[in-house]
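Visitor: Chain by chain, the residues:
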Amino acid sequence: MTALFSAKSITKKYGRQIGCEDVSFDVYAGEVLGIVGESGSGKSTLLNCISGQIGFDSGSVHFDMRDRGFCDMATLSEPERRFLARTDMAFVHQNPRDGLRMAVSAGGNIGERLMNIGARHYGDIRATASEWMSRVELSTNRIDDRPFAFSGGMQQRLQIARNLVTAPRLIFMDEPTGGLDVSVQARLLDLLRGLVQELGLAVIIVTHDLAVVRMLADRMMVMQQGRVVEEGLADQVLDDPQHAYSQLLVSSVLQV
Amino acid sequence: MFDVRNVSKTFCLHHQGGTEITVLKDASFQVGSGECVALTGPSGAGKSTILRLLYGNYLLQDGYIRIGNTDLAKAAPRDILSMRQSHLGYVSQFLRVLPRVSTLKVVCEPMLKAGMDAVAAETRAKDLLHKLRIPDRLWHLSPLTFSGGEQQRVNIARGLGPTYPALLLDEPTASLDAANRETVLELINVARQDGAAIIGIFHDKAAREQVCDREIDVSNFGVGYVHA
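Taken in order, these protein sequences are the chains called A and B.
Everything in the first sequence is counted per the working numbering, starting at 1 for the first residue and increasing by one.
Everything in the second sequence is counted per the working numbering, starting at 1 for the first residue and increasing by one.
By construction, these hints were calculated from the structure, which means they are not laboratory data.
Glycine residues also receive a C-beta, built at the ideal position from the N, C-alpha and C atoms.
Warning: the hint list may mix true and false statements.
Computed list of chain A residues with no C-beta within reach of chain B, every gap over 12 Å [as the list claims (entries may be wrong)]:
| hint | residue |
| --- | --- |
| 1 | Ser58 |
| 2 | Arg187 |
| 3 | Leu188 |
| 4 | Asp240 |
Per the computed footprint, the stretches of chain A lying under chain B, defined by three or more beta-carbons under 8 Å from a beta-carbon of chain B, are [to be verified]:
| hint | region |
| --- | --- |
| 5 | 190 to 201 |
| 6 | 215 to 226 |
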């Protein structure tokens, strides 16, 4: 087996400030990588760099393309990159408004992704959109409502449905469960785990919720001040953290 | 199957004055296929630590552990994961699963990961739940709402569902009544007869005598609490 996605020595600086420095990892199909760290540790910067949302100063990102194998993303043309971002890759933003079209109906938000990969039959698209709304526990009666009429948590679920509907091979997630009720959070994690297992999709998830990492991630990286201070099996890093900062993170979780 | 040589384990607590706690020193033993071995010793002697080291849940820093063809000190996280999926089962003391997922699904999950097809996994899951006396009206409910003993039996069904060549059992009979305890011991015996190498912690002496071929006293490896 070879990697689906790999990042090599990614460095991004904001002036003299370090965003992230010299971060390397790879992800295989069917794997979930969790990235944790406190606010300002560079985890979102890293995610934005590797997913092509922002540029980076040095390093490289490779993706195993369907048609031509392992490719340096920097060598792709703009249309190719955009095509990839609509098909095989997806990005779930922390703020759902960044990932949704607020003036388009909920059903349209999901349907648009389907049309991007060639779906044209209105009835089928609407049926699939409706099915996905129920999978993320949104009432299908709201299919024609626009996202600004939804609560924050509902918008987030819609964004997740929009991103998962086309079964991309790699999903980037930035604090996807932050604004969700715990009940919905559990259902979404189950949905994601099922997809990872059935379709072999890969997920790179940034979160500060260690419970999400424990339930979802196979491997994890702990970041502090832009650098990866510890990485390994998710349960090993959580149960036997080696670095002082990882120990602090793990020991600070409140028990319910 | 299990080859453990000169394994030591020290925890360094960075936020509690850098205290170092050595739990194991120079642990060495082997367990072969078809053999069931009990780890014994007083509480705190390092029995669970050994199981967790073998499962890759604790980081192996010092010594050598080989399970089947996997050398744990050299294995990448990915190798450990694939070993767990198809070769190494672990029944922990606590059930840790996603909320709102049905018991049947929770029990099927490790079998699906081990590569069984969905129908066979479901048949096996139902059979195990039935044997372990979890009434079928509970199967579609999340096990997190169950009693302690029921949760433990669900955990056992998860661990014994796939036919792993190696098994780790952390007090599998601790909170069970006599009938269920008997069932669990039978299931362990079946796994052993199928050729699994089993390492377990059983506080119950009668259980040890019933399923184990021999015992390893962990206090020989332990060093008590030594502060550096």
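Visitor: Decide, hint by hint, whether the structure agrees.
Guide: Right, here's what the structure says about each hint:
Separation of serine 58 (chain A) from chain B is adequate, the least Cβ-Cβ distance of about 26 Å exceeding the 12 Å criterion. Separation of arginine 187 (chain A) from chain B is inadequate, the least Cβ-Cβ distance of about 6 Å not exceeding the 12 Å criterion. Residue placement check: leucine 188 (chain A) does not keep its beta carbon more than 12 Å from all beta carbons of chain B (closest about 10 Å). A beta-carbon of chain B is positioned within 12 Å of the beta-carbon of aspartate 240 (chain A); the least distance is around 4 Å.
Beta-carbon proximity to chain B at under 8 Å applies to 3 residues in the region 190 to 201 of chain A; the threshold of 3 is reached and the given coverage holds. Here's how the region 215 to 226 of chain A fares: 3 of its residues keep a CB closer than 8 Å to some CB of chain B, so the rule of at least three is met and the hint holds.
Comparing the model with each earlier hint shows violations of hints 2, 3, 4; every other hint is respected.
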